[in-house]
Amino acid sequence: MNFTLSEEHEALRDVAKNFLSKEVNFSKLLVPGATVEQAGYDEMWPKIVELGWPGIVIPETYGGLGMSYIDLAMIIGETGRYLASAPLFGTLAGAWAIEKAGSEKQKTDLLGSVAAGQLKLALAVSDADGNIDGEKSDATATESGGSWQISGSKSYVVDAPSADKIVVMANTNAGKKFFVVDRKAKGVTVELLKWRDITRQVANVRFDKAPAELLPESKADTWVWIRNRLYLVLAAESAAGIEKALGDAVDYAKERVAFGRPIGSFQALKHQLAELKGMSECATAGVHYAAWALTENDPKAAIACAMAQSYASEAYRDTTFRNIQVFGAIGFTWQMPNHLYYKRARSNAELLGSSRHQREQIIQMLEKDTSPLAA
Amino acid sequence: MDFNLPGENDPRRIEVRNWFKAHPKATYPQMAKQGYTVPHWPRPWGLEADPELQLIIDEETKRAGIVPPHTYSPIATNQCGQSLLTHATDELRQELLPPAIACEQRWCMLFSEPSGGSDLGSLRTTARRDGDHYIINGQKIWNSMADKAQIGVVIVRTNPDVPKHKGLSIFLIDMKTPGVDVRPIMDMTGEEPEYNEVFLTDVRVPAKRMLGKEGDGWRIVMEQLQTERMGMTNPGAVWGFGPTARELILGLIQTDKIKDPVVRDEAAKIYVEGELLRLLTYRNLSNRINGKPPGLEANIGKMVASPHGQRMSDLAKRTQGPAGMIEQPEVLPLPDKDYGLFANWDYSYWFGVAATLGVGTQEILKNSVAERVLGLPRDLDPTAGVPYKEVARPQLKAAG
Chain F
1 MNFTLSEEHE ALRDVAKNFL SKEVNFSKLL VPGATVEQAG YDEMWPKIVE LGWPGIVIPE
61 TYGGLGMSYI DLAMIIGETG RYLASAPLFG TLAGAWAIEK AGSEKQKTDL LGSVAAGQLK
121 LALAVSDADG NIDGEKSDAT ATESGGSWQI SGSKSYVVDA PSADKIVVMA NTNAGKKFFV
181 VDRKAKGVTV ELLKWRDITR QVANVRFDKA PAELLPESKA DTWVWIRNRL YLVLAAESAA
241 GIEKALGDAV DYAKERVAFG RPIGSFQALK HQLAELKGMS ECATAGVHYA AWALTENDPK
301 AAIACAMAQS YASEAYRDTT FRNIQVFGAI GFTWQMPNHL YYKRARSNAE LLGSSRHQRE
361 QIIQMLEKDT SPLAA
Chain Y
1 MDFNLPGEND PRRIEVRNWF KAHPKATYPQ MAKQGYTVPH WPRPWGLEAD PELQLIIDEE
61 TKRAGIVPPH TYSPIATNQC GQSLLTHATD ELRQELLPPA IACEQRWCML FSEPSGGSDL
121 GSLRTTARRD GDHYIINGQK IWNSMADKAQ IGVVIVRTNP DVPKHKGLSI FLIDMKTPGV
181 DVRPIMDMTG EEPEYNEVFL TDVRVPAKRM LGKEGDGWRI VMEQLQTERM GMTNPGAVWG
241 FGPTARELIL GLIQTDKIKD PVVRDEAAKI YVEGELLRLL TYRNLSNRIN GKPPGLEANI
301 GKMVASPHGQ RMSDLAKRTQ GPAGMIEQPE VLPLPDKDYG LFANWDYSYW FGVAATLGVG
361 TQEILKNSVA ERVLGLPRDL DPTAGVPYKE VARPQLKAAG
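The listed protein sequences correspond, in order, to chains F and Y.
Here the first sequence is numbered in this note's numbering, starting from 1 and rising by one per residue.
Here the second sequence is numbered in this note's numbering, starting from 1 and rising by one per residue.
Treat the hints loosely; a few may be bogus.
Claimed, not checked - From the derived model, a few chain F residues whose C-beta atoms are all more than 12 angstroms from chain Y:
(1) Lys17
(2) Asp133
(3) Thr172
What the hints assert, rightly or not - If you want a taste of the chain F side facing chain Y, the calculated C-beta under 7 angstroms gives, among others:
(4) Lys270
(5) Ala274
(6) Met307
(7) Ile362
By construction, these hints were calculated from the structure, which means they are not laboratory data.
Using N, Cα and C, we set each Cβ at its ideal position, and we do this for glycine too.
All chains should be built: construct the whole structure from the sequences, respecting the hints.
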């Protein structure tokens, strides 16, 4: 048993931190009226590729680094801490779909290209009502003469505008399957949304008889396998974002003087900040546990991932909300970065279903198998 | 990183289990000889056990049907006993520690006072030197086990001429000394009293029973209160004891009460928090194994755990409706195992009110997390630097 990070994990995290602290610059985003177009999505990507991040958890057989989910959580945490704008979420998500459901040839070709930094991806699963687990999908795939076409739409697709290919979850006669579509193919329309979190590209995608390539190993459990990993990614972003928002609030409370004292000496603020510290520790512990469980293929991995996401997303929302309260009115202005974190937190709590939704999944898993409840 | 707890086949566990098999009715003195009552203490008292071995010994002790020493005699085997290793003379150690680790003498803390509450440093009990003795006068309160203990660890004021935290000293008194009067306090649960008040009237204590030197009292008490309870690995309903969120979910599933959508979500929330608290506790254990000093993380853990336990018992209680207002009802089914003092949801619920009062109130705990972990400025205490005798005048004058 060893519940703490190794020196290697900490070193990896510090490399990412060091890189992102120099690369990420909010100056263009903090101009009122800024949109995700000013987030510099394309500028940072070549450097991220150089660091090998797109292929970090892609198995070595397919040209990736084959590192663990704990390693991944170290890096993703830092991208969350700095709100790095880059199509990493979409590329990881698409790559997981291909890893789980693709043929050997697709894995060799597509994952190899991702790892080499030549292919960016997005994963389209959400429907217009926000449902990501539904039996039905707003997109349907049909086969004729051995080739597939998709029609319909997918919503809230992260990183779709940057992606070269989009992996789509669509209905077929034989249930939900995953397909790969060229973003530039005829019949594919990507419509960038005015998403409140301007550090992240989110788009709707419409398909009109768009040519699609089936990932033939799509099975009933494919989506849950991917979803667990996406929970980890968002939770890792959130947990590190909590540390950042809390740290900023604490620093400000030490500096800002009112009524002759630093405002951080008032118990009303102290107690709030202490509570957030407790939440921050819990969120981080949950992320580490989920990352470990996925790495070890632990039977409790699905519960661990749902726990991490449900807790971290709510704690992130609470922390960023109170962060603005600690800063006072200045924290409510566009020119301060506080709102970027608040909006990221809110968005992280919506993109993969609500916290309540994840808690429902946890209870269902426990109802099916009560063994995790044995002391 | 490895989140697996020491397994059933862990060689150290097998060794401990074999010892208990060979000693089917093991007594505390036998366990003490083996180092099993205070495994975390240095030799020759303990085993210098790392937290993992402590966990194993704790689990195997319970499995053998024995109340763990840190539950039966917590003050002697844990918080206060340990501080004799650093602060006591050799003579005092030889006198008090052997019966302490054999659980033949139990100890109690005589810290809090009626007038002070959380502001322990303003305590009023005094000790006056009289030849090779001191004479103690005052009143203590909220002393658990004072009615059962043979030794009392009492903090008193030996010098009123210096600021309040500086004039304090600690004595180890025999609870049978004339002038020690222990009276149980009936708490709001109406169950067997957990707490006492202790009146000290002209109590003569030998000077050699002082722990450390005159004026060391505050520093030593702070150390004692920081000592982590390593046995406390379960996020139970009250201070880590009692049923946990796992038993809550199990009971709700067994009674179908989990089907109520509101109960369902609330229970899930509590379950998630309980699991994360477990991880925090184990991470603290790992930090100790990895040689990191016992930090202030324990404060964070307790700050989260106390209201967590209250919410947990509250949900269990609410599933009963009005039937839960009858004395000693069956609440939710509980798997058969040792829950310590808080063996059912009903008592956990009613006693749980005290979870955010005892061992430092929730508010003081938050202050300490804010000041000592986050580094926020300390709260103002206008009495902190003032000689105690000026502070102690009947009432403070209003500011200005």
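Structure-based check of each hint:
no.	hint	in the structure
1	Lys17	holds (19 angstroms)
2	Asp133	holds (16 angstroms)
3	Thr172	holds (33 angstroms)
4	Lys270	holds (4 angstroms)
5	Ala274	holds (4 angstroms)
6	Met307	holds (5 angstroms)
7	Ile362	holds (5 angstroms)
The structure meets every hint from the earlier list without exception.
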